[in-house]
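J.: The residues making up each chain are set out below.
Number of protein chains: 2
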Amino acid sequence: MKVKEIMDTEFIAVNADMDIVEASIKMESHKKFATPVLDDKKRLIGWITSLDVTRGLRDNHKKVSEIMHSKDDIVKLHEDEPARLAVLAASKYKVVSIPVLDTEDRVVGVIRTFDIVETLSSLYEIKVYKIFEAMVRELKGVTWEELMEASAIVTKRETGKRVTAEEYEQRIKNSTFGEAIWATGGLEKFFVGLIAIGELVIARKVAKARK
Amino acid sequence: MKVKEIMDTEFIAVNADMDIVEASIKMESHKKFATPVLDDKKRLIGWITSLDVTRGLRDNHKKVSEIMHSKDDIVKLHEDEPARLAVLAASKYKVVSIPVLDTEDRVVGVIRTFDIVETLSSLYEIKVYKIFEAMVRELKGVTWEELMEASAIVTKRETGKRVTAEEYEQRIKNSTFGEAIWATGGLEKFFVGLIAIGELVIARKVAKARK
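For the protein sequence lines, the chains are B and G, in the order given.
Under the numbering used here, the letters of the first sequence match residues 1 to 211, in that order.
Under the numbering used here, the letters of the second sequence match residues 1 to 211, in that order.
Mixed in with the good hints, there may be bad ones.
[Unchecked claim] Below, computed lysine-lysine pairings styled on DSBU-like, alpha-carbon distance capped at 30 Å:
(1) B:LYS71 x B:LYS42
(2) B:LYS94 x G:LYS94
(3) B:LYS94 x B:LYS71
(4) B:LYS94 x B:LYS189
(5) G:LYS71 x G:LYS2
(6) B:LYS130 x G:LYS130
(7) B:LYS26 x B:LYS76
(8) G:LYS189 x B:LYS4
(9) G:LYS2 x G:LYS41
(10) G:LYS2 x B:LYS156
(11) B:LYS189 x G:LYS208
(12) B:LYS71 x B:LYS41
(13) G:LYS2 x G:LYS31
(14) B:LYS189 x G:LYS2
(15) G:LYS94 x B:LYS130
(16) G:LYS71 x B:LYS94
(17) G:LYS189 x B:LYS173
(18) G:LYS130 x B:LYS189
(19) G:LYS42 x G:LYS92
(20) B:LYS205 x B:LYS173
(21) G:LYS127 x B:LYS130
(22) B:LYS208 x B:LYS140
(23) G:LYS42 x B:LYS94
(24) G:LYS127 x B:LYS4
(25) B:LYS4 x G:LYS92
(26) B:LYS130 x G:LYS205
(27) B:LYS76 x B:LYS94
(28) G:LYS130 x B:LYS140
(29) G:LYS4 x G:LYS76
(30) G:LYS208 x B:LYS140
(31) G:LYS2 x G:LYS92
(32) B:LYS94 x G:LYS76
(33) G:LYS127 x B:LYS92
(34) B:LYS62 x G:LYS26
Bear in mind the hints are in silico, worked out from the structure with no lab data behind them.
These numbers come from a predicted model, not from an experiment.
Kindly generate the complete structure, drawing on both the sequences and the hints.
T.: Okay, here's the thing in structure tokens:
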């Protein structure tokens, strides 16, 4: 996945000569906390946030150029970079949005931190039973029922709580990978549970094949 | 994981009688795009963003109370709610931050969207070999070398490219779960590869035990 696939292309922009009052109205009406400053060829020359604007209004500045950060001082991304870099940049620099450039330094989009949250959470929000379906597809010869039965046994072993295969099936139909990760306390623990289930069904499959 | 574990406790706050100019200086100096409005018992009564402040400064409003959103109109979280709800709220409401309340309606922290990105990305950024280490721990009797060998075989089978166990080991030492997910195109595909590896080592382990 590339940066351009998760960027917002409906971004707003201002230019360096624009009156601060006008820029503030534009940012408010589009609910943008930050916006790129472009030249007449749509190339990035700077960046302003609504906090630069409050300071500018208070100190009686007139033009955007008087309050903007230079493009050399801000974090930016290229449209063809891996989307993962946007995640790392947002987390490292603690910004609300990041301008995205093409090869000519033109701004083609803006990555917003909440868009990253949405992308990350959608990667996480796949249903847990999808992973079990993949397991059944991969482990030829193991049935869905055998997998649910093994899962119920492993759950009992690990949590001490008795659960039927049917209850386990309901549980994974309703929960997402994201919930499972938060609930088990991390990826590694989640995997350990899956591996234990895999070990049980595979051992049974091998035993059956040898009969 | 609970909301209180990922919230920022070094948040700032303003009160309804505060002068807008004073509030704007406080927000700028702490680099906050939004802040809760509290009563004298630290209970939430409203919320202002830097966009409310630019409008307030322009329209010559005097006090925070004139520009704030009522607490009933904003998204908020309880400190003991699952952290996952913060992810869903940030993604759904597209906000930069969310106030966190205790049982008395007092603000005890603020969830910032980039903190969520950081938490999500740290969940993702665990090294892939950690998952394999968990596998070795769980599958008693399988050695690390056997696991790397099985991984090399599965990789050859699935990609057609020959890779040695040592090369595979280097690869998982350098890459993270996040990279693997973005690279393989999603969780399910990643799991299918892991399951295939698991099947191979478990089948060999069972065969060994029966000798």
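J.: To test your reading of the hints: which numbers does this structure violate?
T.: none
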